[in-house]
Amino acid sequence: MTIQTVRNLRRFSQVLFFAVFCWLILKTNFDIDIDPTTVSEITLPYPVSIALQFDPLVALATLLANGTLFKGLLWSLVILIPTIFIGRFFCGWVCPLGSLNHWLSEIRSERLSFRGKGKIESNRYKKYQRIKYYIFLFVIAAALFGTLQTGLLDPLPLMARSIGTVVLPATHAAADGALGWVKSFGIPPVSSAAQSVYDFVAPTLLNFRRVHFHGILTIALLFGSILVLNRVFTRFWCRGLCPLGAMLGIFSRYAIFGLQKDEKSCDHCNLCLLSCQGADNPDIGAKWRQPECHLCLNCQAVCPQGSLKFKFFPTLEGTVTNPPPIQKVDISKRKTIASLAGGAALFPLLRSGDSFEVNANERLIRPPGSVAEDDFLARCIRCGQCMRVCPNNALHPTLLESGMEGIWTPILIPRIGYCEPSCTLCGQVCPTGAILELTMTEKVGDKETPPNRIGTAFFDRGRCLPWAMATPCIVCEEWCPTSPKSIYLKEEVVLDREGNEVRVQRPYIDPNICTGCGACEFACPVVDRPAVYVTSVGESRSPDNQLLLRRKDPSRPSREIPYER
Amino acid sequence: MKRREFLKRTTKATALAAVCGGAGWFFNNRQWFNYEPPMVSKHSFEVAPDNRFPQLTLTRDENHAAALHDALDAIGSIKRFVQPGERVTIKPNVGWDRTAAQAATTSPLLVGEMVRLCLEAGASKVIVSDVTCSEARRCFLRSGIREAAEKAGAEVILPMRDDFVVMDLGGELLTSWPVLKHFVETDRLINMPIVKQHSLTSCTISMKNLYGILGGRRNKLHQEIDRSIVDLASFSRPTLTVVDATRVLMRGGPQGGSLDDVNIEHTVLCATDQVAADARAVEFLGLDAARVGHIVLAKKAGLGAIDYRSVGYKENI
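Line by line, the protein sequences give chains W and C. The opening residue of the first sequence carries number 36 in this note's numbering; numbering runs sequentially from there. The opening residue of the second sequence carries number 947 in this note's numbering; numbering runs sequentially from there.
Keep in mind that the hints were calculated from the coordinates and are not lab data. A hint or two may mislead.
[To be verified] Pairs of lysine-lysine residues, derived as DSS-like cross-links and limited to a Cα-Cα distance of at most 30 Å, are as follows: (1) C:Lys1097 - W:Lys62; (2) C:Lys954 - W:Lys525; (3) C:Lys988 - W:Lys525; (4) C:Lys1166 - W:Lys525; (5) C:Lys988 - W:Lys218; (6) W:Lys346 - W:Lys322.
Please read these numbers as outputs of a predicted model, since none were measured by experiment.
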């Protein structure tokens, strides 16, 4: 096999894994057909979060943060173990964000830094490339103390989050807008042509309904910046910032595969530098840096003299003009310690603010099946899969609702969508067990099992039509899905402004039964600030965040105690 | 200036002026381009009254398909309601993400059977749709109605945002409101409600089921629910109403959830008079139609009879 074939294989592999990754995210939605006579629960046909479970940084960080490797996270060894032997092949061959950066970096540019000498210079190893190691050490130390921040910058969750909550919803909005615009011309053949194009792309690219996400501009900003930076430095993200790349670089310390340079045949044309992705100094005369190399094999493929060769057990001895390669990562002991100390300090810093322990946001309603908040923050990687899969568009990335610590973790916003009692999809897709997979019985409860509760509803009697305005309504009671209904009514005769008697039914919440699903808040006709709203008190996951001394549930004979998982 | 240059420049300038003028004219009067013929939409799909048949029939049979056949034959058979080549829209109650056994949604078996009957009668196309409360995909899946209707040969259409047309409903309360186009752009409309308790209206049967043809913010309608139901029932006149009383949701309606709240009745009603159908069906809930606000109001509006025996009633129990 020639080196050109291998390089084409690498290109094929990049396209393939990028496509698979995107396909899995596209399939993370409620786009399924079931036969309800044979299937009692709606489950997704594919393991749509499997790509995230191949991420070694997710595995390492969640292991440090909560002490266990959840479900499929053992798959990450499939990436990690080969890396130990051959180096960062993941970055050059597999990583979808890496591939995207690769393609965006290689688009021809008018900028001088992207051509000739400028590009050769920018592709030499630079000190900024050390930043990623410090980021990695910082988030790992933070994880060790129990606050998981890797997901913010870990490329796979970042990519999943950005595609799922930014790119696809924005594409949908753009497609709808474009279709409406073309149709507004009112020329029938043009309208129908536009409609058929739309109908052609819709089943694969667009969600079955338009979704809206809270706070996606911040996610878009990070993702957009990463992509734009490629136009300044080739793969700036991969070289300088990516914590997963840093982790894989550290693990390639003892790699037995590497670049062997033949100084005799080299004529210093610098073509290798011109095409280098990792800025790892492939040219003769500089120290090749194993932990920076993405194994893209461009240098070997473009070398006209055949002076560069990737091989197992490369000759490591150097000569005067050609120094030996470096396998260690280029970080100083002091800065290593400083990064670790900074990460370790993050946890006490975050938790001595007014964190969830003392001043939880009452609207911090987590998805059903979520683990207790401190464990949740030690598990959630903010991949956004739960938000993407939620058929009611109920789950959203937070901004500051769970503090700086929990930015982009999922929150349920009942005004936009409520939690469907018969749905367990968010737990099915969570790759790290921040949201546990519930059975239908655990979700809605039965005679023995309590249902999973995410909060409790309250009435704002000053805004409620029957309470404040002598007007019949009770849409909330109609929508209440529990049996018996948590919302009960008392009929009263009230006087309106003119003194006429009006018979209204006034709604009350029974907190013993309410699960906090938010259907009442979703349906309330007082549209701007609903007259019934859900707060997190009473959520199953917390023994402390409880309202009642004990729950008296008429549908269940035994006393129900808030449980701890 | 040379002639060639003169021509070039004047041509360019004229072209630019033409683009500007054209754009101005285009945006000024779009109607000019609108060749699409105005949409023909109907809202009354009733058949002519026929004294040979009763206006309400009821059959009790543990074989629900047989019950439907029997009740339908007694009111004049499907041939009276569906002519060959017609497009039929069926409006079951698919309001909630519930299973058929929980009795919040119309029986999929009856919907499937109705689709089959329409197709056998020569319908060119049968559409099954509903503007659901819970997420439509889930409702149609879990209720089993999508499965049953598609197997029987119907086209199941979930409501999409662009499929609503704003119409003048001509009511006292309901004036301009978005309506799902499949319920007005068709030849025949068959309403297939299920009998359920409802805290505000005491029951939700045929007339209340017509809420499901509307889009928009329906939750506001609760403020004057009786009036809005009657406005809607005087606007939308189905060809036939088939009431599913095989299971009846006695409590916890309209969404239900507990099987303890469901009574098994094995009964199907067919009606050309919606009010009579509701008046008979509320008896399953232990109610008196004369005390149900919207039924009384509908009678007053001349939509039908509360005393269903007076309009021809035939039961087969």
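Comparing the hints with the structure gives:
1. In summary, the hint linking lysine 1097 of chain C to lysine 62 of chain W is supported, as the alpha carbons are separated by about 25 Å, within the 30 Å threshold.
2. Restraint check for lysine 954 of chain C and lysine 525 of chain W: not satisfied, since their Cα atoms lie roughly 83 Å apart, outside the 30 Å limit.
3. Between lysine 988 of chain C and lysine 525 of chain W the CA atoms are separated by roughly 41 Å; this puts the pair beyond 30 Å, and the hint is violated.
4. Taken as a hint, the lysine 1166 of chain C and lysine 525 of chain W pair is honoured in the structure, with Cα atoms around 20 Å apart against an allowance of 30 Å.
5. For the proposed pair lysine 988 of chain C and lysine 218 of chain W, the alpha carbon gap of about 24 Å is at most 30 Å, so the pair holds.
6. A threshold of 30 Å between alpha carbons decides the hint, and for lysine 346 of chain W with lysine 322 of chain W the separation of about 17 Å falls inside it, so the pair holds.
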